[in-house]
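Following the hints, put chain X in place on chain V, whose structure we already have.
Number of protein chains: 2
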Amino acid sequence: MDALARALFNPQRIALVGASGDPAKNTARPQRFMRRHGFTGTLLPINPGRREILGEPAWPSLSEAPGPIDHAFVMTPSDTVIDIVRECGRLQVPVATIFSDGFAERGEEGRRLQDQLVAAARAGGVRLVGPNALGVIDTHANSPLTCNAAFETDTLIRGNLGIVSQSGSMLGAVLSRAQARGFGFSRMVSVGNECDLGVGELAAMMVEDPHTEAILLFLETLRDAPVLAQAARRAHAAGKPVIAYKLGRSDIGRELAASHTGAMTGADDVAAAFFRAHGIVRVDTLEGLLEAAQLMVRFPPARRPGDGRRVSVVTTTGGGAATVVDRLGLAGITLAPPTQAVVDDLARQRIHVGHSPLIDLTLAGTKKEIYAAVLEALLGSDHCDAVLAVVGSSAQFHPQLAVEPIVGASPRKPLIAFIAPAADTSLDLLRQGGVPAFRTPESCADAIRAWFDWTAPEGAQGSDGAGVSAAAGVLAACPDGALDERRSSAVFAALGIPPAPGEVLTDPQQACSLDFPVVAKVLSPDVLHKTDAGGVVLRIPDARALREAAAGILERVARAHPDARIEGVLVQRMESGLAEVILGYRHDPQVGAVVIVGAGGTLAEIYRDYAIRCAPVTVAQAAAMIDEVRALALVRGYRGMPPGDVAALAEAIAAFSALARLPGQPVAEAEINPLLVREAGRGVVAVDGLLVRR
Amino acid sequence: MDALARALFNPQRIALVGASGDPAKNTARPQRFMRRHGFTGTLLPINPGRREILGEPAWPSLSEAPGPIDHAFVMTPSDTVIDIVRECGRLQVPVATIFSDGFAERGEEGRRLQDQLVAAARAGGVRLVGPNALGVIDTHANSPLTCNAAFETDTLIRGNLGIVSQSGSMLGAVLSRAQARGFGFSRMVSVGNECDLGVGELAAMMVEDPHTEAILLFLETLRDAPVLAQAARRAHAAGKPVIAYKLGRSDIGRELAASHTGAMTGADDVAAAFFRAHGIVRVDTLEGLLEAAQLMVRFPPARRPGDGRRVSVVTTTGGGAATVVDRLGLAGITLAPPTQAVVDDLARQRIHVGHSPLIDLTLAGTKKEIYAAVLEALLGSDHCDAVLAVVGSSAQFHPQLAVEPIVGASPRKPLIAFIAPAADTSLDLLRQGGVPAFRTPESCADAIRAWFDWTAPEGAQGSDGAGVSAAAGVLAACPDGALDERRSSAVFAALGIPPAPGEVLTDPQQACSLDFPVVAKVLSPDVLHKTDAGGVVLRIPDARALREAAAGILERVARAHPDARIEGVLVQRMESGLAEVILGYRHDPQVGAVVIVGAGGTLAEIYRDYAIRCAPVTVAQAAAMIDEVRALALVRGYRGMPPGDVAALAEAIAAFSALARLPGQPVAEAEINPLLVREAGRGVVAVDGLLVRR
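Protein sequences, first through last, are from chains V and X.
Using the numbering used here, the letters of the first sequence correspond one by one to residues 1 to 694.
Using the numbering used here, the letters of the second sequence correspond one by one to residues 1001 to 1694.
Bound conformation, chain V alone (with noise of 0.2 Å):
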């Protein structure tokens, strides 16, 4: 463990500053929980009125308090703050905890305040968790070093699982839920506003702690994306699943989220595309935070994109087993009924199964050598990629015999148990036995879905090398600012995304070596909406037409924008094909570079129906995300319609998402719309773009 780490989570002499000496006061609670969860250090509550507090000697500041000190856990008000931490610098105490509010969550005022805060642990060394936040808890080291009430529970479970928490208040709710079913957390911290260390920082140290398995993050916005990006890759590297769960799904939710926390809160989706890209589980469900490390735990991630999505299900309870399917068809996946050979190999153990796609044991289920052979069978078989065992009554009466099939299964691939009555004991004796078992159908599909849908971090290769060095080149011989569509275009192009053949015209009477019909559109860095300025002529028959377009174009956005700099009228083939798509590039100030994929036309905006990955994708990922498409089922071969270019346009995702990969991350946002896709064999073609740099 690191020195600040061991200051964190172990110290051995914590100042308490703010102490009271009333045990019914919050600001007594630190020192009240420590000592009752076994803490045998030195704590030095700091209080200028008391020479005693709860039986142990009190200081009137941290300067008077002998040192040295290893954390100091601060509650004063917070116009006091900074010179505590000030002092601390003094005193050279690594880590100070701030509990103390009216900081950045109080609006503008606050935030002043805790931006001299963060300056004054800068130049005095001290690392600070908060302020605002609830605590630092280390169940192993007995350093329950918190005010929250949670705590006041008579005995600390420890567990394998750390928690770092958006929410201080929320960090009790989810001990209080572990701890009634019998389980616990190693560590858990409430980051408060984060001013110094945020969720990353702390995620990291949960991964080299030992007693930690899984880390859970409950999550409001994203402060710190790339370094919680880097934790997650070395908790992926060293076996250890994040899990998170985050707010902010709703509108109504990323508005709480803001006011609650004083943050600024991006969309859901690129928070969704951060977690994939990084390997971090997302769970939909409050009880799935805590019921799903387990799955995870046990069942690293194994999947690659296109993978099966199968699940066969062994059952005492038909009901119950379809409380779970049900959910898990909702999420595309897929029930796999037993195979001949299954129902052969059981048959031939006398076990008469059928062909029905789950298999209900009903009564002949309670018997535990019945239920394990088919356990087995199943795990056994190929047929599916995960086995889902509900179980009825007998969970409830006859625990032991219940859950013992399961226990006693060799699962070679996820194996996963949904008790149908109230049955603690079986639940209990299930996740002793180290199987993965939840309470309430929709948590089971909740983790079986988050399970399905997690792969390792995504690697950084996948593009074209030569394709970027000649987009940075031509992005570099081009003027600052945003691009003309000619110029954004040559960008693409040289990533390997084939524009439509065009001409520009500096004249409307210009001549255009074109075939006819055409399109004309105005030319002009200053005018990103085109059609609105009435830029674009389409289905331009002749040449004549084409005058008469260039020059219509040109006194149209004359009058639309005077200020304009115009530099032609770019005349491009007519091009068509099966389906039209966008493609969105972007720099996302809390993620970084994400890249977008959508239909195009208004019914897909409407519908919200696109997909979006951190950049740069492989091939194989630009694939996967137009399978997330739905409206570009129209590519993919809908009712007896031809087939797209799938892999065209693949790749031309894939090269696009390259802008991710110039030096320096250049390009604040660029887009291909429409991006036509041919029919298979016959590519893509980019009609229109822009790129506007940072």
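These are computed hints drawn from the structure, not numbers from a lab.
One should not assume that every hint holds.
When the alpha-carbon atoms are kept at most 25 Å apart in a straight line, the in silico DSS-like pairs for lysine-lysine are as follows [as the list claims (entries may be wrong)]:
id: 1; chain 1: V; residue 1: Lys368; chain 2: V; residue 2: Lys413
id: 2; chain 1: X; residue 1: Lys1367; chain 2: V; residue 2: Lys368
id: 3; chain 1: X; residue 1: Lys1413; chain 2: V; residue 2: Lys367
id: 4; chain 1: X; residue 1: Lys1367; chain 2: X; residue 2: Lys1413
Relative to chain V, chain X alone:
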């Protein structure tokens, strides 16, 4: 209680046919469970080999047992059941519950056996529950007449919830889950194959039961929708909510009809329309099924389409409240921040809450006066439609204090509690205090969403009687079977839906008086897919082109469908609109007439974007349907586009749905595709349609 209900739920003399003397056997369970849970009436175990079973006299056959018998519970092999039911008939046993399996659930042969069983029961005047039913329970009558293992429980808690379940084993799961939380059921029935008494009739009996205040349904399908509809309406009249958890949400593959709209409609959508039409609440989570009843019992449906969906929140844990609110946002429920009046009102009480979207009292909220004052202010204000009260750690350590302000509130609108930590005592106290209280954010949001979606059973008013008579007249004058486009349109026009002006050419050379451009289509009751048959030509500019088009159509169709009856070529004015809508009508085999509104085009089909209701619908209901179809944002005034004639569209939907009012409901399916929606004030026009009679 009528005689049948008494025989079912409160029998005094029960025959247990096939009862075992081995207490470990399933067939010994009914006797053991009845006696264990206090039944004091007469049990007559029937078993040819025993004179005594579990300490009570046994009888070799029903006929030899001393009569009269109120209820026979049959547990013998399937091939003996029919004779036993015949014997019941002879002995005037009014009802038999058939636990035995091996009937319709086993395929064709079993179905035949079941048909014979029904015939035997009808002949003998015996009503049946099952076969393959796990039992009939009335806790208030001490009558757990069931083989379900869950009744092995030491005590059976009497409650106010009735439940009818199509899964026998889930009856046990919900019993154990409820009892683990300290509440129970009044009546429970496992209906099995529903060969006679179905969910509807049994639910109706629960409406009449004074101990039952809410009726839960665990459904896998709808077998007796009209009877259930009646029961639900009686339940509504009696102030008893009916709450359904139905499987099959993900069963998207089932196509109920060949028509286009039929193909878009899965059975589950139809079930949802049915629930809504008859005032049945649908929950989405298993815990929600158990937990929502208290909300629905206390706050009956008082909502109409377009009513607000605004929740105000008071909490001591911001993160805990956000876990619920974030989910509510996904269901379109908004957060109502406190109004200035509420803020001022509280400020006068020296409580300062600010204007943040939810009122997070943090530690101040653990003072019950403060929490109570905020709660009263929210409940007393018009700015929200429901109030969510969230409690953090105080619920765990000081349950009495924590729940007191919530239990003591006087709710004039729904008041719902969510407890963030594991805190069973608080949940108990809330339940005892009549406050709907939830254990998971998911079930809490599910119940709130279900309440907002809940409306009273829909009335059958709201359509034009004159139009219906006229349509019936047009239909009566048509030949049998499918109608051609012109006759279909005439029916729709009679209902009040304007068709595009048109003329029929019986000869390609015939003149046409319509303004050009026009479209020409083959007119034939035998050609349903006109475009595929080469039977449609669009944008015909002049008379000569029309002659060519008409001749071409007749030639191509004659080739594609040599046997089709061709009635000519229908010429119509080319129409245009802001959006194309598909209206569908179908006589669904389960729930009867339904009407479907969707957007036209391939994408809308891919997105399964439509609204479905039981027909007929009122204009207000039709307007709500329009709001549900996302693609119809195009007519609601999307991004500066001119708004469409939504009022005319709603009128047209209501008029079309009046097909359900035709005497005898003679229409099997009907479709207008497309119905063009013009700009506001300019109406709608039906461009194509078909109608098929039953």
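Comparing the hints with the structure gives:
1. V/Lys368 - V/Lys413: holds, 21 Å
2. X/Lys1367 - V/Lys368: violated, 53 Å
3. X/Lys1413 - V/Lys367: Cα-Cα ~51 Å, so violated.
4. X/Lys1367 - X/Lys1413: holds, 23 Å
The structure shown violates the earlier hints numbered 2, 3.
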